[in-house]
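Undergrad: Residues per chain, in single letters:
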Amino acid sequence: QLQLQESGPGLVKPSETLSLTCTVSGGSISSSYYYWGWIRQPPGKGLEWIGSIYYGERIYYNPSLKSRVTISMDTSKNQFSLRLSSVTAADTAVFYCARGRNWNYLERFDYWGQGTLVTVSS
Amino acid sequence: QSALTQPPSASGSPGQSVTISCTGTSSDVGGYNYVSWYQQHPGKAPKLMIYEVNKRPSGVPDRFSGSKSGNTASLTVSGLQAEDEADYYCSSYAGSSLVFGGGTRLTVL
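So the protein lines, in turn, are chains A and B.
Residue 4 is where the first sequence starts when you use the numbering used here, and the numbers rise one by one after that.
Residue -3 is where the second sequence starts when you use the numbering used here, and the numbers rise one by one after that.
In the EDC-like style, the derived pairs of lysine to aspartate or glutamate whose C-alpha atoms are separated by at most 16 Å in a straight line are:
#1 B:51 / A:113
#2 B:40 / A:113
#3 B:64 / B:48
#4 A:69 / A:51
#5 B:43 / A:110
#6 B:51 / A:110
#7 A:48 / B:83
#8 B:43 / B:83
#9 A:48 / A:94
#10 B:43 / A:113
One side only, chain A facing chain B, incomplete, derived with CB under 10 Å:
#11 49
#12 52
#13 65
#14 97
#15 107
#16 110
These are computed hints drawn from the structure, not numbers from a lab.
Glycine included, C-beta positions come from ideal geometry on N, C-alpha and C.
Next comes chain A alone, as it looks inside the complex (with noise of 0.2 Å):
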């Protein structure tokens, strides 16, 4: 059974970095069937598309997010993570990772994590 769990800091400071890795077990992320995104999720709001990876070389963003993130993957680790740059409040969310399938149309992401709350503070 495909299992992704979400790791990193609860708590980042505004204009720092936050960062982000998912652990992928029960299967490869180097499979050419699938892909790996990450999304977002407000308090209380809806869920935001940050970013998706393929093979660890051809990569989207959110066009509103795109200047501060950073999505790359590590075969090695089984894991892809993500850093999103001089963050504010408006960063605070649960982020979750996903496994993705048809990269060619960003198809439907079928297995995700249980997500993890990051909180931007002083």
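Knowing the structure of chain A, use the given hints to seat chain B on it.
TA: What follows is chain B alone, placed relative to chain A:
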């Protein structure tokens, strides 16, 4: 890119049917047959319910169905059950990006 438009709330009695709309543009919903729907219970991760407009993943009850007309996609839940009470989100491919709807809270009366 702008979020897809969903009604903030919907409701129905047990056994009834309810339909949730998801309106976009010709650059997302109207331009591609890659609309997905997710169910999210409080404090839980979203769960995929519908993909490619009207396909159901294994294990999702056939009470859930999807459709699309023009720039609007719809999720219909038939034979409402108490466990269907949750937030529902649509998403659509938007040309090298993905956009979600604002979410609809479904209440089972």
